[in-house]
Structures are given as C-alpha cells and as structure tokens.
Amino acid sequence: MKTYTATRRIFILQLLAAVSVFFSLFKGSTSFTLHQLIYDDYGQFNTIFLKLRLPRTITAFTSGGLLALSGSLMQLLLQNPLADPYVLGISSGAAFFTLLLMLAGASGSMLLAGAWAGSMLTAGMIVLLGGMHRWQMHALLLCGIAIAGGFGAGISLILLLSPDASLHSMLFWLTGDLNDAGWSPAGIIILIAGTGICWLLAPGCDILGRGDQEARALGLPVKPYRIILFSLSSLFAAAAVVQAGCIGFAGLIVPHFARRISGYNHRLMLPAAVLLGGSLVVLADTLARTLFAPQQIPVGIVMAVIGIPIFIFLMRP
Amino acid sequence: MIHSLDINNLSIHRGNKIVISNLSMTINPGDCWAVLGPNGSGKTTLLQTLAGHIAPAAGEIKLNDTPLAGLSERRIAQQIGVLFQHSRYPFPQTVYEYCHAAHYPHQPLFAPRNDTHSTTTEHALDVMQLTSFADKNIQHLSGGEQRRAAIAALLIQSPRFFLLDEPSNHLDIPHQIHTLNLLLQLAENEGRAVMMALHDINLAQRYCNKILMIMSDGTVRHGMADEMLTAENLTQLYQHPIDAIRYGEQTYWMYESGRK
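Those sequence lines, one after another, are chains F and B.
According to our numbering, the residues represented by the first sequence are 40 to 356, in order.
According to our numbering, the residues represented by the second sequence are 176 to 435, in order.
No wet-lab data here; the hints were simulated from the structure.
Every value quoted in this text rests on a predicted model; they were computed, and no experiment measured them.
Be aware that a few hints might be false.
Unchecked claim - So, partial list: chain B residues that the calculated Cβ filter (under 8 Å) puts toward chain F:
no., residue
1, His228
2, Glu248
3, Gln253
4, Gln268
5, Thr269
6, Tyr279
The beta-carbon is built from N, C-alpha and C at its ideal position, and this holds for glycine as well.
Chain F on its own, in the form it takes in the complex (with noise of 0.2 Å):
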C-alpha cells in the first residue's frame, strides 16, 4: 500500500516535470503558443523553438537532475543531509579546473574529464578532512566551506589574468549559465545512465545512511561500495558544472523533498530526485529568462534566492 501511495507521488512529479518543461518552452522575452509554433508561416518560431529554447530546457533539466543525483549521492557518504555539491566546495573544484584548462584551449570531453578531475580532488580532501574531524557535521561544513573559499581564490586568480573579452561569459557561467546551451549529448548520457547505475544500487544505499559498521553488518561491501558512489557523484557534479556552471542549492535541497514525496526507499527516492531537480532548474531558468526579459539573468542567482532561505530553514536543529 506505502508503495503504491509512493508511486502515485512519483507520477505527479512527472507531471511537474512535464509541466516545467512546456513552461520553459513556450515562455521566455518572446512568448508563443504551440498553435504559433504548428502555423509557423515564417519559420521564425521554430528557429527560437529548436536552436534556443529545446536545447536550453534539456540542458536546464539535465543539470538539475544531475546535481540532485551528486547531492543524493554525497548526503548518504557523509551521512549528512546538509552535504551537497555546491556547499562543500566540489562544484567550485570542478569549476576551477574547467576554467585552467578553457585557459589552455581545452574543450568539449577535455573539459568535462578535467572538472571530473577537481570534483573528485575536492571530494576526497572533504572524506579525508572529514575523517580528521569525526564526521561532526559543522566540522565538515566548515571544511568545505574553506575548500570553496581556497577555489574562490584561485577562480579569480584566473578571471584576473584572463583577457577582458571572455571575461563577461566567464562570470555569467560561473554564477551558473545556461544563455550559451547549446546540443551537448553529454550530460544527457551521463545523466540517463547515472540514474541507471544508482537504481541498481539503490538497496545498498537505503543501508549506507546507517554508517559503515551497520551496512557492513548488513552484508554491504562498505568500501567498493562507497567508491563507486563517490565517484558517480563527483562525475554527476562535474558534468552539471561543464554545461551550467556553478548553480547552488539545487543538489542540497532536492534530495529532503524527494524523501518526503517518495519515502527512504532509494529505488524510489533517486528516480524522485531527478525529476524535482530537474524540473527546478528549468522552473528557475524560466524566471531567469522573463522576470527582467530581455535582459537575463543567470540561473544561478535565481536558485541562490529560491535556495538559501530553504538551507537556513534546513539548518535547524
């Protein structure tokens, strides 16, 4: 019965995610209709339609459920439910790194293998640190606000050696862009495949939130087990920072809505996070893009509203 109650829930998340998704299509600083777009006499609204918004949505979406799925992921490791990419400086690790190599002229697999790289670089000082520190969940916080802060630093290192030009495109990407989206069948692959490979996993993580000694003595192979995850994490933060830049919040806050939509079962609960995830970022993309349209702003600042008073909410005790 709890089940079926659970997959009525998943289904009208679905709706949501659908209902986000034409949201973002059809509005933006040129609204239409789908009837505009059937008729389309001049061809104009089908150029926007597939070059512009389609692209844009799908890259929304898939950063969305990308970063849930990081944040998913990194609460179970630390057995914390305040982790998440962004907080404790992974994304800003990953972000670091695509900027020294787009410095270099790197692109596409190059970039997306190098901010793999960084997340999982930052990842690992955050367990080691985290190790020192006993796992005290202010402790790790802080740490990893450090290790954001260590990258801050350097990311402005490289803005102010880089050349005026890029420097605009720069900044909007770092505080989360998706203006310049464009067909990248990356993201979409990891993302698909990801949830695949966390479905299967699933079982074992509803026991690795007990910590290491429970899920041991419940048959998990604790250590195989947590390096997979880690790793999947890092990736799935990695390719959100790639094709968004640093959007906040979404991987922090998704993953305690999609417990409470879905329940603990995490064959439930990781599929629930990618839908929320998902249809947030397009939700809050689509405001970035028609609250001050035609300017926009990136969606990152947008998340960064919708997100912080949720994080202090979050935070108390």
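Position chain B against the provided structure of chain F, taking the given hints into account.
Coordinates of chain B only, in the frame set by chain F:
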C-alpha cells in the same frame, strides 16, 4: 548442516592494550551466552571481532568451518547478525522502511523486494510491538522504541548467530523480559545461537546457560552458567562485593550499595 562459530587461540589487541589473549571456545546452536565484564574490558570489541568487523591480532574464527576472514560481508551477514550498542539515524525514514531494509543480505543483489518479504517485516514489527509505529519517522521515536526497531530489524535479518551489545539498553522492564525471552526461544526452539554483552547479572542468571567473563587483566573465563555465576567469581570480576540471595527457587544477585 550443523552451524557453529569456532574460536581458536584468539587474541585481540586495541592499541597497545591486550583485550583478550588466547581464547578458544565454540558457540553452538541452542547456546545463549552472556558476556560479562567491567566497563572498557572489551565486551564490544569481542562481539565485533566475532562479527568480522575487527581483525584479530592472532588466532582464527571459523564460521561453519570456513575462516571468517575469507568470507564476504554478505555471506557473514546471512549467518551473523549484530545489534550495536548505539545507532545513528541521520536521515528521516519510517520504522517500516528501516526494518524492511534488513532483508538486504538475503535478497538478490539487484532485485526488488517482494511480498513475502513484507510479511516477514510486518511479523517482526508485530513481535516487537511496533505495528502502530510502522509509519512513524524513526528519528522521532524514544530511545527504547528505536532499540526495539533495531531488534526487529535483526529478527528480519534472521541470522544463525545473534551478537547483541547490551540488548536491554533503553528498554523498560516488560520489554527487557519480552526481548530476552524472545532471544532465548530463538536459541532453544529454532537452533539459533545468542551471545550478548550484559550489565545486569540477574538477566544473565535468568536467561543464559553459558557465561563468558572478561576480567580487567585480560584473562577470560567461560563455562556453564551455574558454575560460573558464583559470588566469588562476580566479586572478583567487578572488583566490588556481590552476593547471592535466594527467593523461592530463584537466585538473585545483590550489589553492595556503599550506603547503610
């Protein structure tokens, strides 16, 4: 198949301290062991070593004639279940979800849990009188209720060997009696073996047929309960005056209270 947990010349060190040296014994089906010892004597360390979580400094533990060190976590969890002294619940989840996840070592790795499994879960919740808590968030339960949920999860895991670290912790007296009776029945009627660290000598006296004492100098004594539980042994074990009183057929243990 005859199940047994064989311990040969086992030595356990913790840092520089020798917790246990040269222990040899066998835990057989039907046994209900109490592990007694003062604080910090190594009761928890012994239980965790027997569960394969801590590597021994020397000696060998064999689960059904196979060395424990060579078995996967999953194989061990199918046979040995552990109740930890403390549990953490960092994430909100219902009591049902918490307990249901204990099917993990028995279910195929990637398959979903089916209906037979949910019957087992419901039965275990019923046995631990948690049915009305099934949909409650485990984080909001009292210490005793969380303890009962952890025991229900252990019943669902259904191991041949139950290793319990202070199972009576946080439980009120009726639930202590209920839980220990349940464990004793598992040993006597279903051929499971139980080993539990206890602080209450009277519970050990009532429910256990075998006793293992970890003295503060690291030596271990073990044997049948009626031979081991003597005023002399217990006084020496805890370095505190302890005496027996008889009430009807029963023996009770009295502790010198230090007050007149």
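Provide an ascending list of the numbers of those earlier hints which the structure does not satisfy. Violated: none.
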